[in-house]
Amino acid sequence: MANNMVDHPPGNSIAEGSREGDFGCTVMDLRQLMELRSGEAVAKIRDNYGDVHGLCSRLKTSPVEGLSGNPVDLEKRHQAFGRNFIPPKKAKTFLQLVWEALQDVTLIILEIAAIISLGLSFYHPPGGNSELCGQAAGGVEDEGEAQAGWIEGAAILFSVFIVVLVTAFNDWSKEKQFRGLQSRIEQEQKFTVIRKGQVIQIPVAEIVTGDIAQIKYGDLLPADGILIQGNDLKIDESSLTGESDQVRKSLEKDPMLLSGTHVMEGSGRMLVSAVGLNSQTGIIFTLLGAGGEEEEKKVKKAKAQDGVALEIQPLKSEEGGECEEKEIKKVNVTKKEKSVLQGKLTRLAVQIGKAGLIMSAVTVIILILYFVIDTFGVKGYPWLKECTPIYIQYFVKFFIIGVTVLVVAVPEGLPLAVTISLAYSVKKMMKDNNLVRHLDACETMGNATAICSDKTGTLTMNRMTVVQAYIGDNHFRQIPHPDALKPEILELIVNGIAINSAYTSKILPPEKEGGLPRHVGNKTECSLLGLVLDLKQDYQAVRDEVPEEKLHKVYTFNSVRKSMSTVIKKPNGEGFRMYSKGASEIILRKCTNILDANGTPRIFKAKDRDEMVRKVIEPMACDGLRTICLAMRDFTGETEPDWDNENEILSHLTCIAVVGIEDPVRPEVPEAISKCQRAGITVRMVTGDNINTARAIATKCGILLPGEDFLCLEGKEFNQMIRNEKGEVEQERLDKVWPKLRVLARSSPTDKHTLVKGIIDSTVGETRQVVAVTGDGTNDGPALKKADVGFAMGIAGTDVAKEASDIILTDDNFTSIVKAVMWGRNVYDSISKFLQFQLTVNVVAVIVAFTGACITQDSPLKAVQMLWVNLIMDTFASLALATEPPTESLLLRKPYGRNKPLISRTMMKNILGHAVYQLTIIFTLLFAGEKFFDIDSGRNSPLHSPPSEHYTIVFNTFVMMQLFNEINARKIHGERNVFEAIHRNPIFCSVVIGTFVLQIIIVELGGKPFSCSGLTADQWLWCIFIGVGELLWGQLISAIPTHRLKFLKEAGHGITKEEIHKDDLPEGVDEIDHAEMELRRGQILWFRGLNRIQTQIKVVNAFRSSLYEGLEKPESRSSIHNFMSHPEFGPPAEDEPRIPTIQESHIELEGLSHPPKGKGVSGKPSPNRNNNALDIVAAPAGASPSPGSPLHSLETSV
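Quick note on numbering: the sequence shown equals residues 52 to 1249 in this note's numbering.
Don't read these hints as lab results, they were simulated from the structure.
Note that CB positions come from ideal geometry on N, CA and C, so glycine has one too.
Check the hints yourself; a few may be wrong.
[What the hints assert, rightly or not] Lysine to aspartate or glutamate pairs mimicking EDC-like chemistry, simulated, CA-CA at most 20 angstroms apart:
id	residue 1	residue 2
1	K836	E294
2	K479	D491
3	K285	E783
4	K1022	E1101
5	K751	E722
6	K601	E625
7	K870	E625
8	K960	E981
9	K604	D589
10	K587	E542
11	K601	D695
12	K482	E226
13	K791	D760
14	K787	E759
15	K620	D659
16	K141	E126
[Claimed, not checked] Simulated restraints on C-beta separations:
id	residue 1	residue 2	range
17	K787	E625	54 to 60 angstroms
18	K777	G731	35 to 41 angstroms
19	P1037	F1098	35 to 41 angstroms
20	P1037	K787	48 to 54 angstroms
21	E817	T144	27 to 33 angstroms
22	P692	Q771	33 to 39 angstroms
23	T814	L970	42 to 48 angstroms
24	R729	K777	39 to 45 angstroms
Working from the sequences, and respecting the hints, build out all of it.
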């Protein structure tokens, strides 16, 4: 390796000449090379370039030193091979967002009403004003009304325009924020490359073709490359190929590494061969962009129909895949339930809309009947031809009044309130270290009932230090002085730690004077390197002596091994030495010797091990320390061992030392956890650590409380408790375990996923659990995706974890999760507050308009006044009430759960109570106000009269009552003090004051368009006094206990399971289980095979009809998880029968068309009825049905 520099000069030797000619290969050569896989690629490299080193010299780079980093050279490479940047998909234009906002149903109803109203206002029919037509129904509108008739339609359109603009602007700023945020994440996303022999980190966009990049576990590869050197490298290529199995990479068999794929194990170095649009991901993006969305839809449709609807994973573009996520959401519309809040709001809006429609229809019918009976019945006028246009004009006027009632009834402020509330919360959550990737996650968090948290880094500080050690028969309670150890032992410890850890882990000097040294890379390894420094030794010198190239074989750490081992050749060439480190109980089990105080090995038997566990490891673990064992093994002899036989290699070890690593609990965590417990949220700790360590930390955090009945399990016990004899998870068994489980130690990522899935699918308890999960590792991806809300760690998290999450914790701290819960509940409460206020306005306005229209044939509140109340009160109120900051008191109640209605009985009491007060006042003023204020009555004023003081007072009082009721609406749980913390919400105060000022302007200067006339100071004071009465009345209402009022109903329920299943009848077998499409890998392949066979033998047609009969029942709702997890579902019998011809199976399967309803074919009720097709196929292995039975014939056909 020493002469590498001679063969491969670093890329600063730049030959003059044409751009492509500078390098020994072109972009197209490299692109074609990267399209090959495994053997073909190896052959092509061998034929064209000799080997990877040959390719390096063509690209003018050194496999050891890397590029020189010379700017001229880098620019040349950019020009020849492109930049590592995939231009983001064009953002939606503002107009596109406006068009999307216009699709809202409520707005469409309003638009239609407004357009009809506008059209009619300009329609003046010719018409005899003949006496014969009668002056029925108090005459048609006066001049002023006729001239101002268009104002109403225009005002409605204006309000729609405002709502649409605000919504579109919100979406636009959200997208802009998201892109800004993505680009921030992108800039922070750095990758390790070697330049001038130095390992440096550069932003992903600066990587060029010819760079030598270091890759390690958890990385998301930013460009295509060819492996130069690798240790036990495994890659997950599912994002490109769809194959879920991990692909092992090696120089001999498959050295091709593709961008957008994830490193699941191991480490290594690669030569970057294609970047940006020339990389495999880039090529796919170009195709997507060029082929337009139709292609995309086709691809996705094909994928979704292929056996099991697999989620298409977004590939990372410069923009971070926001577009792709949206695409995924579109594809999965059928499976993804609406967020809890959306579901409730949609239903509520529909209910309110229906009520409004009925009221407006009744209004119109009453007016028409009154007019017809009065004109033709009582007054006895005949229907004359020339009078028809006039009659039509009357009917049109009635229709407009009806539309006004409908407009008032529909709460168009609702979509706005939701959007403002969510956008505001997301913005504020950024300050609380929550980076929200999916908006609805914010609100789901408010419903969370369980949090499954990691230990390291979330509950603890992730600043690990070795504090105890057991070396040479001595248990040191603090780090020993180097002189206390024999030099031989010391050397083994230093070498074992320095060589057997990722070379990317290192300790750097502190950034600030007097600060703590910086830990870079794996934190556990850094703590061990810290031990080397504490022993006054230098690990870097050892690494310089044994560079990574000299490592003979590396078994990297993974969640199955729970250990890491590195093999090196001994300096004198006498065989090999292997250093190992890992979880103490795992490594000690493989040790047959242990070093004594003199550094000589002695026999280490099982009883010695038990004693050591009892005397050393358990006491350390009970202090909350992680225990790591360091061991070694020498291989002598002529023949080289078979390194692939891992079990044989990792045995007969010699234990060097056991160290105890402390990771202190974050000081703020115990308080945060007790807040969660008060809020009715169960916190569970899921960790890979030893059970004693986990228990000690859980006790310190307050997850385990003294005197409580709870479970602490290891992954192994957990699996024994929840799996049946065949090793399949059974929901019933899981349901017995999870409610009491608080700590799951020594758990694998699969255990975490199983636990999360089990809690979500569980039917124990009244409501379905809403689970939040934290994760940082690549292997946490499935659990993060499965959870209702996935939190990824912003600092320690791998790219894979962040990609799978909903919220990123920028400070990795558990307290930020509690903040997220507070914000989530606050969103929910804000919308409830707004609803309480909005519905009071609506109920009162609708009843006033309705009764007024029926009694006086004219609404006391004119259309434009209604719209002022509606538009300003709605838009402003949504601003005021949706921006209430959260308070700690939100954490003092239990989660609402999925089925709790949006409008509780207390809120219904408030809405009806205030409506009663307002209606009483308004009707009193309407029918007796003129006497009280000693003014002219406005009721039957003659035509063309100016606006009356009487009706102005009615309007003004109405607005004043709404203003003060807005303050009442700040509390929805029956609290007394409605002014509490009002000063903390400046938006609320300014909205109330602003509305008051505008109201003064409208009344005093509004004139004809607003049908107002100025009022005296006395009259103003009376209006305000009646408004303040709202606050006193509110106190009276809250004094009435809700449980006494039996007649109160709730509204805006969540969607129950039964309804989901009736509404969303599956379109195909694979859409059955809603949010659940993550089957185990084996099962996916199994199903695919099954589906193919089924299609081939045309079985589907035979029992599709019966399958749907079974599906339409609500009870068909247990999860696909149960499939294969019941004893009677074995795999098909071993003696594989021959596959009959299509004709044969057709005849045999005729009998299957109508099996007994709700049962499997065998007549036994099948435990998962939603999978009839699959139950039938996976016939009980034990039972051998009679040869003639349909079941037998099907068994044969499979």
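A quick look at each hint next to the structure:
1. This hinted pair checks out: K836 and E294 have alpha carbons roughly 18 angstroms apart, not beyond 20 angstroms.
2. Between K479 and D491 the alpha-carbon distance is near 15 angstroms, which keeps this suggested pair within the 20 angstroms criterion.
3. Between the alpha carbons of K285 and E783 the distance comes to roughly 36 angstroms, so the proposed pair goes past 20 angstroms and is violated.
4. Restraint check: the Cα-Cα separation between K1022 and E1101 comes to about 17 angstroms, which is no more than 20 angstroms; the hinted pair holds.
5. This hinted pair checks out: K751 and E722 have alpha carbons roughly 11 angstroms apart, not beyond 20 angstroms.
6. About 15 angstroms separates the Cα atoms of K601 and E625, which keeps this hinted pair within 20 angstroms; it holds.
7. For the given pair, K870 sits about 60 angstroms from E625 by alpha-carbon distance, which is inconsistent with the 20 angstroms threshold.
8. With a C-alpha separation of about 32 angstroms, the suggested pair K960 and E981 falls outside the 20 angstroms cut-off, and the hint is violated.
9. Restraint check: the Cα-Cα separation between K604 and D589 comes to about 23 angstroms, which exceeds 20 angstroms; the hinted pair is violated.
10. The suggested pairing of K587 with E542 holds, with an alpha-carbon distance near 12 angstroms, which does not exceed 20 angstroms.
11. Distance check on the hinted pair: K601 and D695 sit about 18 angstroms apart at the alpha-carbon level, within 20 angstroms; holds.
12. Using a Cα cut-off of 20 angstroms, the hinted pair K482 and E226 holds, with the two alpha carbons roughly 18 angstroms apart.
13. Restraint check for K791 and D760: satisfied, since their Cα atoms lie roughly 7 angstroms apart, inside the 20 angstroms limit.
14. Distance restraint check for K787 and E759: the Cα-Cα separation of roughly 17 angstroms lies within the 20 angstroms cut-off, and the hinted pair is therefore satisfied.
15. Simply put, K620 and D659 have alpha-carbon atoms about 31 angstroms apart, too far for the 20 angstroms limit, and the pair is violated.
16. The suggested pairing of K141 with E126 is violated, with an alpha-carbon distance near 27 angstroms, which exceeds 20 angstroms.
17. Under the hint 54 to 60 angstroms, the C-beta atoms of K787 and E625, about 57 angstroms apart, fit the expected range.
18. Take K777 and G731: their Cβ atoms lie about 37 angstroms apart, and the range 35 to 41 angstroms holds.
19. One distance hint, 35 to 41 angstroms for the beta-carbon pair P1037 and F1098, holds here, with the actual separation near 40 angstroms.
20. A hinted range of 48 to 54 angstroms for the beta carbons of P1037 and K787 is consistent with their spacing of about 52 angstroms.
21. Taking the beta carbon of each, E817 and T144 are about 47 angstroms apart, not inside 27 to 33 angstroms as hinted.
22. Between P692 and Q771 the beta carbon distance is about 34 angstroms. The supplied range of 33 to 39 angstroms therefore holds.
23. Between T814 and L970 the C-beta distance comes to about 45 angstroms, which sits within the given range of 42 to 48 angstroms.
24. Our hint of 39 to 45 angstroms for R729 and K777 holds, since their Cβ atoms are close to 42 angstroms apart.
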